[in-house]
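Whenever a hint applies, use it, and build me the whole structure from the sequences.
Chains A and B supply the protein sequences, listed in that same order. So for the first sequence, full-length UniProt numbering puts the first residue at 1; every next one is plus one. So for the second sequence, full-length UniProt numbering puts the first residue at 1; every next one is plus one.
Heads up, a few of these hints could be off.
Heads up, simulated DSS-like pairs for lysine-lysine below, C-alpha to C-alpha not over 27 Å straight-line [as the list claims (entries may be wrong)]:
1) A/Lys153 - B/Lys11
2) B/Lys140 - B/Lys54
3) A/Lys145 - B/Lys98
4) B/Lys140 - B/Lys155
5) A/Lys205 - A/Lys93
6) A/Lys205 - A/Lys235
7) A/Lys385 - A/Lys235
8) A/Lys235 - A/Lys255
9) A/Lys145 - B/Lys7
10) A/Lys157 - B/Lys7
11) B/Lys155 - B/Lys54
12) A/Lys364 - A/Lys235
13) A/Lys158 - B/Lys98
14) B/Lys98 - A/Lys157
15) A/Lys420 - A/Lys311
16) A/Lys93 - A/Lys55
17) B/Lys7 - A/Lys158
18) A/Lys158 - A/Lys145
19) A/Lys145 - B/Lys11
20) B/Lys98 - A/Lys86
21) A/Lys286 - A/Lys372
22) A/Lys205 - B/Lys98
23) B/Lys98 - A/Lys182
24) A/Lys153 - B/Lys98
25) A/Lys364 - A/Lys443
26) B/Lys7 - A/Lys153
Over 10 Å on every C-beta distance to chain B, these chain A residues come out as not near it, computed from the model [to be verified]:
27) Ser113
28) Val197
29) Leu207
30) Arg259
Counterexamples of contact, computed for chain B against chain A with all Cβ distances above 10 Å [as the list claims (entries may be wrong)]:
31) Asp19
32) Pro20
33) Glu22
34) Ile24
35) Arg34
36) Thr37
37) Glu49
38) Gly60
39) Ile92
40) Ser119
Don't read these hints as lab results, they were simulated from the structure. Here the structure is a predicted model, which is why all the values come from computation and not from measurement. Ideal placement from N, C-alpha and C gives every residue a C-beta, glycine not left out.
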Amino acid sequence: MDRDSESEYEEEVEEEFEEESGEEMMVDPSPPPFVVKDSGLDNEHFTFINVADIKTEIDNLLSEYEQMFQIPSDDVLRILLQFQWKRDTVQNKWFDSPERILFESGCTPANPSTPPTYPYECPICYCSYEQNDIVLLNCGHGFCKYCFTAHLKQLLKKGQTNPQIRCPQEQCTIKLPSSLIKSFNEPYASQYNTIVVTDYIGQRKNLRWCPGANCPWVIRRDGLLRNVACLCGTKFCFECGGPPHMPVSCELRRKWLERIQADTENLDWITANTKQCPKCRNPIEKNEGCNHMTCRACRHEFCWICLGDWKTHGSSTGGYYSCNRPKNVDLEKKQMSAKARIEYFTHYLDRYVSHQKSHEYAEKQKKNILEKQENYMRHFNCGRKVVEFLADSVDLLVDCRNALMNSYILGFYLAPGVKKDLFEMQQQQLEASTERLSELTEKKVPDTNRQETLDFIGITSKFLHSMLEGMVDSLLVVRTDL
Amino acid sequence: MSTPAIKRIQKELARLQSDPLEGITVTPAEDNIRYLTVILPGPKGTCYEGGKFKLEVFCGEGYPMQPPQCRFLTRIYHPNIDRLGRICLDIIDQNPAKCQWTPAIQIGSMLLSIQSLLSEPNVDDPLDERVASHWRTDRKGAEAEARRQTLQHAK
Ligand SMILES: [Zn+2]
Ligand SMILES: [Zn+2]
Ligand SMILES: [Zn+2]
Ligand SMILES: [Zn+2]
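Put into structure tokens, the structure is as follows:
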């Protein structure tokens, strides 16, 4: 994370406060927030709200200001829209000058209006009408109701997303009051409501529509975590709407993806599916997710990523050997040499790609999990409850592979220091535990060890949480010599 | 067929007759009142001064709920007008999401907006990037080129 996103974080913290102070507008969604089975992501940091509740939230906000300022709800809405729903700005501006904020929000005209005389000529169709066929705005501009409706219809049909709709008269600064728009037949009222609600959600930093197709949920973020698992099953990043990618920030991830796109040569070499056993040189093909390899010829056990001895890996040895840290590179140096830079990049790319492939493999396992559960029930003659651990383990595995993959982006950019040391320790713990979990999930049904798998689900999920949460609110320093 | 749109165009034209805009002429096609030919003088004190620019204006089915389509028929060197004569101006933008048109805008005031676009090119929202960058890097040179082309094409 670089300097820019640091200040962004500070801003967000302030936002939170702002919203805290306006507690009364945050209606407790009913039914109460759902609790979703913990899939390794943290849904306790998010609340799922339906649109009707957002609507109530907005209505409460409107009536609050209606009372505070003693102005009609139409004016409150126009003011809130003009100032992006920012309570502080609205209140300060109101106390500075009610006249000015009403003018700036398009509630009152620049010049006092002269009442029209009837019959009145509609400036759109140039026909004359009596009073009851004219829609008259407080700027003095009137339009026949046929033209006015046709105009509104045209705006909504072409996908108007801005809820501030101007008086049709050229140069006029008045914005249409929502009660007027809603006084026309359906579907205008409900369409306009949707536009307002969407604007409200778009302006709130802590609210977001789920990007899942046709998903009705709005998600409120209550903390700093970004990985959301929606009730509809969609997993996404709260900030960029893309796939979840904690612990790395949206910006660093984007930078990384651009970088590796430009480096296909390196990718070709890394994505090879065959390597030689480091001991006997026998070629070994990898077609599963786990990186703990055993050579068929000499039974040597090694790590697919670094080709080091597996005995030196993992939590069982206390992690004295860290496969996740680049060797042969003087990391403390302020400016790496060209050769070191390549080695450094390759180290992270290598691990990123490995976990990416394992992630794909885990997704495949997840797809086939029902079949495996059936087999398990038949083989051990047990009930459905007993086999839940199989699905839980692959769900968690998918999340862990994804987190590990993205953790190597963060590792690449992180500058050396205490923070990075801590991060790499957590990463290494998660990695070792994930490899073991991965191995357990890849076992054939008769060899599956339920108790050990359950144990590793517990441990691994703890490691996953501490790595993701450990990196969330800290100010990270980024290398500048990459 | 006398639709409300036709009626409005007729009235607009009648008003432009009785209360004409300085130097601007608007002539409907004989067989189609929706199709107008416009002669627009280049604004005084600009590199288009002295030029008479011909435009076509077509008030389509959607008019006046949707803006008319306008195009320069005379070649003009301007960052917001391309070689085909298409104009980049918010009130007549053909992209509905960006269009600032409202049905109360009249053909006359639309033409005045186009005229003032000639006085004030908007290099931040260019249609012809090559012309716009000429304008940004060498304003004097760009204006000289515009003057030259005005003399050549718009006399
Ligand atoms: Zn009308
Ligand atoms: Zn008005
Ligand atoms: Zn969803
Ligand atoms: Zn993101």
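Tested hints:
Only pairs whose Cα atoms come within 27 Å are accepted, and A/Lys153 paired with B/Lys11 is accepted, the gap being roughly 24 Å. Distance hint between B/Lys140 and B/Lys54 is fulfilled; the C-alpha atoms sit about 25 Å from each other, no more than 27 Å. Using a Cα cut-off of 27 Å, the hinted pair A/Lys145 and B/Lys98 holds, with the two alpha carbons roughly 25 Å apart. Between B/Lys140 and B/Lys155, the direct Cα distance comes to roughly 22 Å. Compliance with the 27 Å bound is thereby established for this hinted pair.
With a CA separation close to 22 Å, the supplied pair A/Lys205 and A/Lys93 stays within the 27 Å bound. Only pairs whose Cα atoms come within 27 Å are accepted, and A/Lys205 paired with A/Lys235 is accepted, the gap being roughly 19 Å. A C-alpha spacing of about 25 Å is found between A/Lys385 and A/Lys235, which places the hinted pair at or below 27 Å, so the restraint holds. A hinted pair counts as satisfied when its Cα atoms are at most 27 Å apart, and A/Lys235 with A/Lys255 qualifies at roughly 22 Å.
The hinted pair formed by A/Lys145 and B/Lys7 meets the criterion: a straight-line CA distance of about 17 Å does not exceed 27 Å. The hinted pair formed by A/Lys157 and B/Lys7 meets the criterion: a straight-line CA distance of about 24 Å does not exceed 27 Å. Between B/Lys155 and B/Lys54 the alpha-carbon distance is near 11 Å, which keeps this suggested pair within the 27 Å criterion. Of the supplied pair hints, the one linking A/Lys364 and A/Lys235 holds, its CA atoms being roughly 17 Å apart against a limit of 27 Å.
A distance of roughly 11 Å separates the Cα atoms of A/Lys158 and B/Lys98; the hinted pair therefore holds under the 27 Å criterion. For a cut-off of 27 Å, the pair hint linking B/Lys98 to A/Lys157 stands: about 14 Å separates their Cα positions. Distance check on the hinted pair: A/Lys420 and A/Lys311 sit about 25 Å apart at the alpha-carbon level, within 27 Å; holds. With a C-alpha separation of about 25 Å, the suggested pairing of A/Lys93 with A/Lys55 holds against the 27 Å cut-off.
Proposed proximity of B/Lys7 and A/Lys158 is supported: the alpha carbons are some 25 Å apart, at most 27 Å. Only pairs whose Cα atoms come within 27 Å are accepted, and A/Lys158 paired with A/Lys145 is accepted, the gap being roughly 20 Å. At most 27 Å may separate the alpha-carbon atoms for a hinted pair to count; A/Lys145 and B/Lys11 meet this at roughly 20 Å. Between B/Lys98 and A/Lys86 the CA atoms are separated by roughly 25 Å; this keeps the pair inside 27 Å, and the hint holds.
For the hint linking A/Lys286 to A/Lys372, the alpha-carbon distance of about 22 Å falls within 27 Å, and the restraint holds. About 25 Å separates the Cα atoms of A/Lys205 and B/Lys98, which keeps this hinted pair within 27 Å; it holds. Distance restraint check for B/Lys98 and A/Lys182: the Cα-Cα separation of roughly 24 Å lies within the 27 Å cut-off, and the hinted pair is therefore satisfied. Distance restraint check for A/Lys153 and B/Lys98: the Cα-Cα separation of roughly 17 Å lies within the 27 Å cut-off, and the hinted pair is therefore satisfied.
At roughly 15 Å between alpha-carbon atoms, A/Lys364 and A/Lys443 fall within 27 Å of each other, so this suggested pair holds. Restraint check for B/Lys7 and A/Lys153: the C-alpha separation of about 21 Å stays at or below 27 Å, so the hint holds. At roughly 15 Å from the closest C-beta of chain B, the C-beta of A/Ser113 stays outside 10 Å, upholding its exclusion from the interface. Distance to chain B confirms A/Val197 as a non-interface residue, since its nearest Cβ pair spans about 19 Å, more than 10 Å.
Annotated as non-interface, A/Leu207 keeps its C-beta farther than 10 Å from every C-beta of chain B; the closest such distance is 23 Å. With a closest Cβ-Cβ approach of about 28 Å to chain B, A/Arg259 is found to remain outside the 10 Å limit, as its non-interface label requires. Listed as outside the interface, B/Asp19 is consistent with that label: its C-beta sits roughly 14 Å from the nearest C-beta of chain A, beyond the 10 Å cut-off. With a cut of 10 Å on Cβ distances, B/Pro20 stays outside the contact zone with chain A, its closest approach being about 18 Å.
Residue-level check passed: B/Glu22 sits 19 Å from the nearest beta carbon of chain A, beyond 10 Å. The claim that B/Ile24 is not at the interface with chain A holds, since no C-beta of that chain comes within 10 Å of its own (minimum 17 Å). Every CB of chain A lies more than 10 Å from the CB of B/Arg34, the least distance being 16 Å, so the non-interface label holds. The beta carbon of B/Thr37 is kept farther than 10 Å from every beta carbon of chain A, the shortest such distance being approximately 22 Å.
A cut-off of 10 Å between C-beta atoms confirms that B/Glu49 is not in contact with chain A; the least separation is 27 Å. Chain A leaves B/Gly60 outside its interface by the beta-carbon criterion, the shortest separation being 13 Å against a cut-off of 10 Å. Even its closest Cβ contact with chain A, about 13 Å, leaves B/Ile92 beyond 10 Å, as expected for a residue assigned away from the interface. Non-interface call for B/Ser119 relative to chain A: holds, since the shortest CB-CB distance, roughly 18 Å, exceeds 10 Å.
Hint check: no violations occur; every hint is consistent with the structure.
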